[in-house]
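K.L.:
Each chain, letter by letter, is given below.
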Amino acid sequence: MKWARLKSPWVLHFNSGACNACDIEVVALLTPRYDVERFGILLEPSPRHADILLTTGVVTRQCADRLKRIYEQMPEPKFVIAIGACACSGGVFEGNYNVIGGVDKVIPVDVYIPGCPPKPEAIIDGVVKLLKSIEGGKQSGKR
Amino acid sequence: MASADKILKALSDSLGKRIIQTRTLQPGKSYIQVQTGAHKDAVRIVLQEDNEAGVSAITGVDLGETIELMYHIRTCDTIITIGAEVPKKDAKIESITDIFPGANFHEREVSDLFGVTFEGHPNPKRLILPEDWPENVFPLRKEVSVANIPSKIGNFGVSKDEKHVSSEERLVNIVLGPQHPALIEPEKFSLRVDGEIVRGVEPRIGYVHRGIEKAAESRTYLQDIYLVERICGICNACHAACFCQTVEAIMGVSVPPRARYLRTIILELNRIHSHMLLLGHAGLEIGYETLFHYMWRDRELIMDIMEALTGNRVIASFITIGGVRRDLKEEDVPKIKAELTKLKERLSFYKNLFESDSTLKMRTRNVGVLSKQDALKLGVVGPVARGSGVNMDVRRDEPYAAYNEIPFNVITYDEGDSWARLMVRLDEVGESVNIIQYALDHLPTGPYRVRVPRTVPTGEAIGRVEAPRGELFYYVKSNGTAYPERVKVRTPTFANILSFVHIAEGGNVADVPASFVSLDPCFSCTDR
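From first to last, the protein sequence lines are chains H and R.
Using the numbering used here, you'd call the opening residue of the first sequence number 1 and step up by one each time.
Using the numbering used here, you'd call the opening residue of the second sequence number 144 and step up by one each time.
Be aware that one or more of the hints could be misleading.
Said to hold, decoys possible - Not the full set, but computed from the structure, chain R residues with beta-carbon under 10 Å of chain H:
1. Pro273
2. Leu420
3. Arg440
As the list claims (entries may be wrong) - Quick list of simulated restraints, FRET-style, between CB atoms:
4. Ser140(H) to Thr433(R): 35 to 41 Å
5. Lys68(H) to Arg597(R): 39 to 45 Å
6. Ser397(R) to Lys68(H): 50 to 56 Å
7. Pro587(R) to Lys68(H): 50 to 56 Å
8. Pro244(R) to Glu135(H): 26 to 32 Å
9. Glu135(H) to Arg594(R): 50 to 56 Å
10. Glu37(H) to Val652(R): 28 to 34 Å
11. Pro108(H) to Ser361(R): 29 to 35 Å
12. His49(H) to Val652(R): 38 to 44 Å
13. Ser140(H) to Glu488(R): 32 to 38 Å
14. Lys129(H) to Thr624(R): 55 to 61 Å
15. Thr624(R) to Ser140(H): 48 to 54 Å
16. Asn266(R) to Lys132(H): 48 to 54 Å
As the list claims (entries may be wrong) - Dumping the calculated DSS-like pairs for lysine-lysine here, alpha-carbon to alpha-carbon at most 27 Å:
17. Lys478(R) to Lys119(H)
18. Lys119(H) to Lys480(R)
19. Lys472(R) to Lys119(H)
20. Lys487(R) to Lys119(H)
21. Lys480(R) to Lys78(H)
No lab work stands behind these hints, which were simulated from the structure alone.
Beta carbons: idealized from backbone N, C-alpha and C, even for Gly.
Sequences are here, hints too, so could you generate the full structure?
P.N.:
What follows is the structure, encoded as structure tokens:
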């Protein structure tokens, strides 16, 4: 099981209020220049099949319930990667009336990838770091 | 097509004393303040005088005791603004949705954010704010501050499930979103279906609403550039350009020629990357994954040029008030030209593919048809309008940056289906490559920015830019300090989203992704 998770992690992408800049870089990961499928990383449409949740953007009031619900639907063990300044801390939108803040205000986060937006290389690096720490015995939901 | 003077004359002839005052916002842009109640007649007259006119945006401004509503009407070459004031305590005004259906969402937005009731509106439901938002708190009113809005942290009730059987018999509700494989961003669409046929669509936007218009009021003009760029990561340079242009119009600053050309280059790079992104995404949605991978591979050429020019792949932070932030390096020019030539070769391959491939034909021809008449009625902009034969393009109609010196064609198709909308974008990529090549060949020498003061004199201005998705509209009001009084953003996707309701109705459920993606939806723009 652990072997399969390390060799082919299935990821789910959810945007909880991003400006699309991080999102297009996540999509760029799948395309020929970066092509993360060669590492077995597969983008999944359903939370119920996903091992890793890639979140982008701040959490807006309206999206908070949804983000929590998606996280709860994922099977254990599950890991969360926050991509971009907004997902890490709220970024430029921190303090706005419809914004709750970074993703870690709602669900536990395992890896933070800063940048506005981070380059695809940085996102790959973040995923690889997570995989290494899973290999080292990291449990889900704990820092 | 009627000139602005003729329209203004018609307005003063028929409204007479009901006009309170007429003034000029900036050269060529008039503002007509009318008595409350006369606004509807005024809008009707402008729409009658120019048969291709449409309501571009409705702006609310908090004046203290009253709320000023501005109806910005797009005519063939300018914007005519009709203003009316309503008292804050009893904010009510007659809806104009019956004479111009495209005003539907604009009115609902103002109603959410300013608490103005539009009497006679067909569907006065909440559009942008969340369902659990406190009643009678209208965020864009000045007396509301972020501190006195109850926080939601630690209080996550899970929202109720949507009903799956519609009140009408035989119809079933299918909920698309907020998290759905066909949507990269969160937004909810309830489709009422009868077997395989879509009978109605109810969009619910606001999942990405971050309150940027309010936030812009508490940041300086310089900080606002970085804020508005993050309204949308895809067309970020257009937002920065439009905001800076509007502020420059208030300040009376003119930008050096080299900066105008450099702005044109970055705006066109933005357009190419956005169009190619969408064309690839369209391939994914219609089940043509090879096209997606091909398109995105070729798009990386543009990302490399963006990185060389601005230092970042996506968010450019290139345009600033008074010019641009860095110069183009002379040694990069041949590299950029070589990449553009490479891209041009690929474009002829794609053109051939889009015209002859049977998969593309079956999935997009005659799918999601929007007639020219409906396009005008719904007030759509950009490639969606041009795909339905409406010949409009801000770059030509009201040139900004260096567009008055660079030759280019405005692409239109008359079919009005998903295929036509995709073809408009594909042809525009070719035009954009030509524009960049011309701009590089004719790049003027000299400074690339002028220094401007931090504070902006009192005044107001309107700015328009042709973003990849259509006309982007900004209204900025300054009170003489370093902080703006009001920043209104009407994004092209907000104007286009209403047309989805129209083109999906009567179509097949399986065609929903294909027709939806052809509108180039971008929810971070739509919600702000």
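K.L.:
Now tell me if each hint is right for this structure.
P.N.:
Results of checking the hints against the structure:
Taken as an interface hint, Pro273(R) checks out: its beta carbon lies about 4 Å from the nearest beta carbon of chain H, inside 10 Å. Hint on Leu420(R) holds. Least Cβ distance to chain H is approximately 6 Å, under the 10 Å limit. Residue-level restraint check for Arg440(R) holds (minimum Cβ-Cβ distance to chain H is 4 Å; threshold 10 Å). Separation of Ser140(H) from Thr433(R) is about 36 Å and conforms to the stated range, judged on CB atoms against 35 to 41 Å.
The given range of 39 to 45 Å is respected by Lys68(H) and Arg597(R), whose C-beta atoms sit roughly 42 Å from each other. Evaluation of the 50 to 56 Å hint for Ser397(R) and Lys68(H) yields a pass: the beta carbon distance comes to about 51 Å. Distance hint check: the CB atoms of Pro587(R) and Lys68(H) are about 54 Å apart, consistent with the given range 50 to 56 Å. In this structure the hint that Pro244(R) and Glu135(H) lie 26 to 32 Å apart at CB is violated, the actual value being about 58 Å.
Roughly 54 Å separates the CB atoms of Glu135(H) and Arg594(R), a value that falls within the hinted 50 to 56 Å. Taking 28 to 34 Å as the suggested C-beta distance range, the pair Glu37(H) and Val652(R) conforms, at roughly 29 Å. In this structure the hint that Pro108(H) and Ser361(R) lie 29 to 35 Å apart at CB holds, the actual value being about 31 Å. Distance hint check: the CB atoms of His49(H) and Val652(R) are about 23 Å apart, inconsistent with the given range 38 to 44 Å.
Roughly 48 Å separates the CB atoms of Ser140(H) and Glu488(R), a value that falls outside the hinted 32 to 38 Å. Distance hint for Lys129(H) and Thr624(R): a CB-CB separation of about 46 Å, inconsistent with the stated range 55 to 61 Å. Taking 48 to 54 Å as the suggested C-beta distance range, the pair Thr624(R) and Ser140(H) conforms, at roughly 50 Å. Checked against the hint of 48 to 54 Å, the C-beta distance between Asn266(R) and Lys132(H) comes to roughly 52 Å, which is consistent with it.
For the given pair, Lys478(R) sits about 22 Å from Lys119(H) by alpha-carbon distance, which is consistent with the 27 Å threshold. Between Lys119(H) and Lys480(R), the direct Cα distance comes to roughly 24 Å. Compliance with the 27 Å bound is thereby established for this hinted pair. A C-alpha spacing of about 23 Å is found between Lys472(R) and Lys119(H), which places the hinted pair at or below 27 Å, so the restraint holds. Restraint check: the Cα-Cα separation between Lys487(R) and Lys119(H) comes to about 26 Å, which is no more than 27 Å; the hinted pair holds.
For the hint linking Lys480(R) to Lys78(H), the alpha-carbon distance of about 47 Å lies beyond 27 Å, and the restraint is violated.
In this structure, the earlier hints numbered 8, 12, 13, 14 and 21 are contradicted, and the remaining ones agree with it.
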